[in-house]
Every structure is written in structure tokens, then in C-alpha cells.
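Asks: Based on the sequences and whatever the hints tell you, model everything.
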Amino acid sequence: MDAEALWTAVFFLGLFAVIGMRFVPKKNRVFITDYQKGVRFIKGSFAGILGPGSYLSGNSEVEITVVDMRPFPFLIERFFYQDGLQAPSVISISAELSVSDSYRAVTGVKDRIADSIAIVRDALHSCTSRMSAELTSKGRYAMADKVTVTANAELNKIGMAIANVEVTELWSRPMPAYPSLRAN
Amino acid sequence: MAAFAWLMVTINYVLRSRLGRPAKVTLLEYQRGIRYRRGLARDEVGPGQHWSWTGFEKTIFLDTRPIALSYQNQVVTLSDGFTAIYGFSASVEVRSVRKALYSSQAYSQMPAFVLLSCMRTVLSESDSKRVRISQQNISNEITERARTRLDAAGFVLASFRMGQLGIAASN
Numbered sequence: 001m002d003a004e005a006l007w008t009a010v011f012f013l014g015l016f017a018v019i020g021m022r023f024v025p026k027k028n029r030v031f032i033t034d035y036q037k038g039v040r041f042i043k044g045s046f047a048g049i050l051g052p053g054s055y056l057s058g059n060s061e062v063e064i065t066v067v068d069m070r071p072f073p074f075l076i077e078r079f080f081y082q083d084g085l086q087a088p089s090v091i092s093i094s095a096e097l098s099v100s101d102s103y104r105a106v107t108g109v110k111d112r113i114a115d116s117i118a119i120v121r122d123a124l125h126s127c128t129s130r131m132s133a134e135l136t137s138k139g140r141y142a143m144a145d146k147v148t149v150t151a152n153a154e155l156n157k158i159g160m161a162i163a164n165v166e167v168t169e170l171w172s173r174p175m176p177a178y179p180s181l182r183a184n
Numbered sequence: 001m002a003a004f005a006w007l008m009v010t011i012n013y014v015l016r017s018r019l020g021r022p023a024k025v026t027l028l029e030y031q032r033g034i035r036y037r038r039g040l041a042r043d044e045v046g047p048g049q050h051w052s053w054t055g056f057e058k059t060i061f062l063d064t065r066p067i068a069l070s071y072q073n074q075v076v077t078l079s080d081g082f083t084a085i086y087g088f089s090a091s092v093e094v095r096s097v098r099k100a101l102y103s104s105q106a107y108s109q110m111p112a113f114v115l116l117s118c119m120r121t122v123l124s125e126s127d128s129k130r131v132r133i134s135q136q137n138i139s140n141e142i143t144e145r146a147r148t149r150l151d152a153a154g155f156v157l158a159s160f161r162m163g164q165l166g167i168a169a170s171n
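In the order they appear, the protein sequences are chains C and Y. Counting along the first sequence from 1, when you hit position 31 you're at 31 in this note's numbering, and nothing is skipped either side. Counting along the second sequence from 1, when you hit position 152 you're at 152 in this note's numbering, and nothing is skipped either side.
Hints are computed from structural coordinates only; laboratory data are not their basis. Do not rely on the hints blindly, as some may be mistaken.
If you want the footprint, here are the derived chain Y segments under chain C, 3+ residues with CB under 8 Å [as the list claims (entries may be wrong)]:
(1) 32–40
(2) 52–64
(3) 77–89
(4) 96–109
(5) 116–122
Stretches of chain C that chain Y covers, calculated by requiring three or more beta carbons in the stretch to come under 8 Å of a beta carbon on chain Y [what the hints assert, rightly or not]:
(6) 27–35
(7) 66–76
(8) 100–110
Subject to a maximum C-alpha distance of 27 Å in a straight line, what follows is the list of computed DSSO-like cross-link-like pairs (lysine-lysine) [to be verified]:
(9) C:43 to C:27
(10) C:138 to C:43
(11) Y:129 to C:138
(12) C:146 to C:43
(13) C:146 to C:157
(14) C:27 to Y:129
Remember, it's a predicted structure, so these values are computed and weren't measured experimentally. Backbone N, C-alpha and C fix where the C-beta goes; we use that ideal spot for every residue, glycine too.
Replies: As C-alpha cells, this is what we get:
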């Protein structure tokens with residue numbers, strides 16, 4: 001093959017490549033940073049968790065959902081309840097939500113932050129209504145630990161977790177002293 | 001010659017599909033960013049124009065202008081059952097771009113979260129007598145707590161003023 005024929009072949013190959021590229025479905029590039037994770041689905045089925053990097057996606061076969069793994073701080077303020085002794089009480093907490101399992105966080109709930117906060121509120125209600133509010137700092141830590149354990153048991157089902165729970169306000173109305181009960 | 005040009009065009013297409021294309025990112029004088037290469041933080045970039053390959057590089061930037069906060073008529077129950085009403089205004093600046101970016105999903109909400117938490121914690125641990133007579137001490141304690149936590153999150157507390165603090169009623 002002489003040089004002229006070779007260059008002609010290269011010319012036509014290049015022409016076909018450029019025309020061919022126009023008909024290839026355009027793919028998007030998904031960029032995942034080191035504080036994110038990607039959940040890849042191929043033809044609708046789960047196909048793995050992706051770490052930091054750059055990936056092609058966007059066609060009908062491969063879909064990548066990016067999950068932010070950074071904490072989401074939130075406050076629950078002035079939560080009124082009746083404690084284990086039926087005393088009117090109030091509690092406020094601050095805490096951080098984060099994703100513990102990106103696959104479950106993507107497939108388990110539609111709005112993971114809003115749903116997680118609802119779960120934390122339920123956990124808060126269930127913990128506080130069974131305990132008597134101890135107003136010391138030790139009591140606050142105990143309450144925070146209890147809320148963390150109870151909330152995480154439920155949040156784990158949707159791939160979320162709560163951490164750094166701090167009881168920022170806790171008060172319970174003192175119960176009146178009743179006269180001792182005697183047998184009739 | 002034409003064939004050589006076509007060869008270059010073909011190589012260009014192949015490289016573009018792998019590397020993307022060079023793109024210019026312009027950061028304004030109040031913006032700072034972190035350049036990521038293949039998903040990993042590479043270096044911090046300041047104001048100006050920065051080139052990156054769209055295929056494997058990305059610059060994520062933050063607004064470093066001061067974040068102003070103002071909250072009024074917040075209610076808290078004190079340790080002796082009285083209810084206090086408080087308000088404050090503050091200004092917070094980004095000190096470390098990297099820490100601020102990684103501190104939370106929405107970095108601009110972090111200062112409000114920290115200040116509201118510290119404010120409520122300190123007031124809730126105080127009684128009505130302390131609130132009446134030593135407001136300056138309370139303000140100092142809140143500032144100290146908030147400063148430590150904000151520093152860990154990459155922010156600096158530029159100013160803090162507790163404009164409103166009073167006893168409302170007893171529960």
C-alpha cells in the first residue's frame with residue numbers, strides 16, 4: 001500500500017468517525033467528589049457503589065445517583081411532651097444526620113432528610129415519654145445517648161444515621177408532693 | 001495535508017471523549033474553591049481564571065463573604081422553670097475553605113446551627129437570677145462556646161451581639 005492510499009484510508013476513517021460520533025447517544029459525565037458516593041444502576045438493577053472519580057452515565061442503560069455523605073445538622077426545638085411521671089416537659093436537641101448506607105438511602109426513601117427528621121421526632125417522643133426528665137447535665141447526656149440509640153435503630157433501615165446529639169434544653173415541671181396513701 | 005488534518009480531528013474526538021475539553025472557571029474576588037481531580041481534592045484556588053479538563057477535573061467554590069445572622073424573639077425554658085426571650089445578631093466568616101466545605105451539606109447554614117445550639121444550651125443551663133444580673137457573662141460564655149465549634153468547622157466568629165434577653169414568665 002503506497003503512502004497516498006494510506007492517507008486516503010485515514011481520511012475516510014476520520015470522516016466516518018466524525019459522522020459516526022454524531023449518531024452515538026450523548027453521554028453525560030458524572031463527577032463524584034471524595035465527600036460523595038455514587039449508586040450505579042445498569043438496566044434498572046443495582047450495579048455497585050462508586051467512589052470518587054469521573055463516570056459516564058445518562059444513557060438509558062446506566063444511571064448514577066450521587067449521594068452527599070457530609071453531615072446534615074438540624075435542630076428540633078421546643079418539643080413538648082409528658083414524661084414517664086406524666087409531668088409536662090419540654091426538650092430541644094441539636095444533631096447531625098448522615099448517610100450510613102448509600103444504596104439504602106437512595107432506594108429506601110424519597111426525601112431522606114425530611115423522612116429522617118420525622119423518624120428522629122418519633123424516637124424522641126418514644127424515649128422521652130418513658131423516662132423521667134433528669135435536669136442535670138448527666139441526665140442530658142443519658143437522654144442524648146438514649147435518643148441516639150433509639151433513632152439509629154430506625155434510621156438504619158433507610159441507610160441513615162444520627163450522631164452528635166446534644167440536648168440543648170430540658171425542663172420538666174416538678175410534680176406536687178402527694179400525701180402518703182394509707183389503707184382504709 | 002487534508003488527511004493529516006483529519007487524523008488530528010479523529011485524535012481530538014477520541015481524546016475529548018476521555019479527557020473532556022479544557023474549560024475556564026472564573027472565581028470572583030470573594031470566592032475560593034477547591035479543585036478536584038478524579039474525585040479527590042487537589043488544591044485550593046483563589047480568585048482569577050483557572051483552566052481544568054472537564055473530563056476529570058472540577059472546581060467547587062464557596063462564597064467567602066461574611067454570613068450575617070439575626071434571630072429575634074426566640075424562647076427558651078431556664079433551669080428554674082422561667083421562660084426567657086432572647087435574640088441575637090452575629091457575623092461569621094469562612095476561615096478555611098476545605099473545612100467549611102466538608103463541615104456540612106449546606107455550609108452557609110452551619111453558623112446558624114452552631115450559634116442557635118450554643119445559645120439555647122447556655123441559657124437552658126442558667127437560672128432566672130443569672131439571666132437578670134449577669135447577662136455579660138452569659139454572652140461571653142456563648143461566644144466562647146460558639147467560637148470553638150465554629151473554628152472546628154472552618155469559620156470565624158467576627159461579631160456577636162445579644163440584643164434581646166429578658167424573663168417572660170414562669171411555667
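Asks: Each of the hints needs a verdict: does it hold here or not?
Replies: Tested hints:
no.	hint	result
1	32–40	holds (count 4)
2	52–64	holds (count 5)
3	77–89	holds (count 4)
4	96–109	holds (count 7)
5	116–122	holds (count 4)
6	27–35	holds (count 6)
7	66–76	holds (count 7)
8	100–110	violated (count 0)
9	C:43 to C:27	15 Å, holds
10	C:138 to C:43	53 Å, violated
11	Y:129 to C:138	23 Å, holds
12	C:146 to C:43	42 Å, violated
13	C:146 to C:157	18 Å, holds
14	C:27 to Y:129	66 Å, violated
In this structure, the earlier hints numbered 8, 10, 12 and 14 are contradicted, and the remaining ones agree with it.
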